[in-house]
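Mind docking chain B on chain A? Use the hints.
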Amino acid sequence: MGPWYAVLTVVLLAVMLFSARVGAVRFTWEEMWQSPIFWNLRLPRIILSVLVGAALSVCGAAYQSIFRNPLTDPYVLGISSGASLGAAVAILLGLQTFLLGVGACALATGILTILIIYRIASIGNRMHATTLLLTGVCLTFLISAVISFLMVLHQDKMDSIIFWTMGSFASASWVDVAFVAPVVVAGTAVVVYYGRDLNLLLAGSETAKSLGVEVEKVKKRLLLVTTLMVAFCVSTCGVIGFVGLVVPHCIRLVAGPDNRRVVPLAVLVGGTFLLLCDTLARTLMIPAELPVGCLTALVGAPLFIYLLYKNKKTY
Amino acid sequence: MIEVKNLTYRYGTRPVLEGLNFTIEEGGFYAVMGANGSGKTTLLRLVSGMLTPQEGEVVVDGTNVQHYKARELAQRMSFVRQHPQTDFEFSAFETVLMGRNPYQRHLQNESERDWKIVEQCMRQTNTWHLRFARPSEMSGGELQRVMLARALAQQTPIMLLDEPISNLDISHQFDILDLLRTINREEHKTVLIVLHDLNMALQYCQKLLLLHQGQVLYKGDMREGLTAERIATVFGVKAEVGEEGSIRLSRL
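Protein chains in written order, with this note's numbering: chain A, 54 to 368; chain B, -14 to 237.
This is chain A alone, in the form it adopts within the complex (with noise of 0.2 Å):
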């Protein structure tokens, strides 16, 4: 596997490169180490689209092995709109200056997403993949319904609220990047950590209990660990969907189900994607800019069709 890890590695730094230069203001080499938009505009947005993309790719693979169920993801399971949830009230009681307290929100509903979620879909010590999905979706219409009452009664917040909802990177700083960053390096490293736990658990609680995981712990750190990454990127770039859908299924097709080789590969992956894709919303329609969500639905949604087409029998 090491010379994948450098190919995807170089693979990434020069799509890194190519998207600094691109965009609304192009620049020669020499220009854009000398640009001010380059330095504080340009350079924090596609390292947070990278670390935004990595840390979703890798908490789809973990959610996909915890929960046992391919189509699952952060925002298929509705634990991106929770957050974005929490980030929205936040704003609406004037925490927006205060990244933290954005951050501390939005993790308090995705954790409590997760619990509803839990709580309706597991039968026994299994979840059921179908009302798995439909709790996802069905949270994600009442959250955005209560996000959108939310946005009549307080019109002059709108434009910041409505940001939350379709997500992009357009106001990504150095501060977004400062706050997220740990978090996802760290989760990350935990996810690595459990790695093997993680394909343990594939084969389902029982079986991976006899085979020496503690199961109910490594699930509860596993989950509060990525809750907390998506909580803390769904807070600077709000809700980008399917991500941690595409990524990890486009690995396994290649690499196998080894979450032990799957989520590094995620990060390297996962980070190429979301800054193309980022790239490709800021480029296509200038001075215009599309959401970036709007690009990973248009690639995300017709592959979890053709998921769900393919697993027809299971689902």
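What the hints contain is simulated information worked out from the structure, not anything from laboratory work. Predicted, not measured: the structure shown is a model, and the values here were computed from it. Take these hints with a grain of salt, some might be off.
What the hints assert, rightly or not - With a Cα cut of at most 27 Å, we get these calculated DSS-like pairs of lysine-lysine:
#, chain 1, residue 1, chain 2, residue 2
1, A, Lys270, B, Lys204
2, B, Lys(-10), B, Lys204
3, B, Lys54, A, Lys273
What the hints assert, rightly or not - Under 7 Å between C-beta atoms, here's a sample of chain A residues computed to sit facing chain B:
#, residue
4, Val78
5, Tyr246
6, Glu259
7, Lys262
8, Leu264
9, Gly265
10, Glu269
Just so it is clear, CB atoms sit at the ideal spot from N, CA and C, and this is done for glycine as well.
Positioned in the frame of chain A, the structure of chain B alone reads:
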């Protein structure tokens, strides 16, 4: 040694096992038998620590199974379940390699020794030729043998097997039971195996644990225990037990 003390388990209000007391000595080869719904699977899940009993306890080597760390328990006891769950497509080799998990630390990769053990276990269960196969490419019987290989790779002194030969053709049934008998004799492993075939049980297992209506109807030597009356009580069929150790069954 497995000590079962006053073990009681209910699904909702329906009692499945009521106040069971018995001891399984080290190196015993027990067939766990009984009619459908007599609590065989529940008993194995309780012994393996998967289920928590409402009353009583299971003590393995002096410690309540509920108090073991998962890793320690997985080094003492392996469990082959009746219905293996396989949603994601790990190859048979990767599946068996998971049996080495209790001996590995986090972030530690499998050693050459682990690989050798896996190969040996797969050869013993006649699954080595399937090592690259995915679950969807295997038959029920092949999958069952892969699961058995995984349990063997755990190298535990106690093995619990819930109907491990139900999907196997007759020749593989003999192979697997021969293998279990060999490791029971040579490595002195304790084996608890749920079987439905009375003749197979009589032929292979020295000991019998017979469950009936949530109680232990008999525990002890197989040949003494498997009488026509008990078979009639438990299964409701007529049995003629022959001198040479075979059983002819017919309707009552």
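Quick rundown of the hints versus the structure:
| no. | hint | in the structure |
| --- | --- | --- |
| 1 | A:Lys270 x B:Lys204 | violated (37 Å) |
| 2 | B:Lys(-10) x B:Lys204 | holds (15 Å) |
| 3 | B:Lys54 x A:Lys273 | holds (17 Å) |
| 4 | Val78 | violated (44 Å) |
| 5 | Tyr246 | holds (5 Å) |
| 6 | Glu259 | holds (5 Å) |
| 7 | Lys262 | holds (5 Å) |
| 8 | Leu264 | holds (5 Å) |
| 9 | Gly265 | holds (3 Å) |
| 10 | Glu269 | violated (10 Å) |
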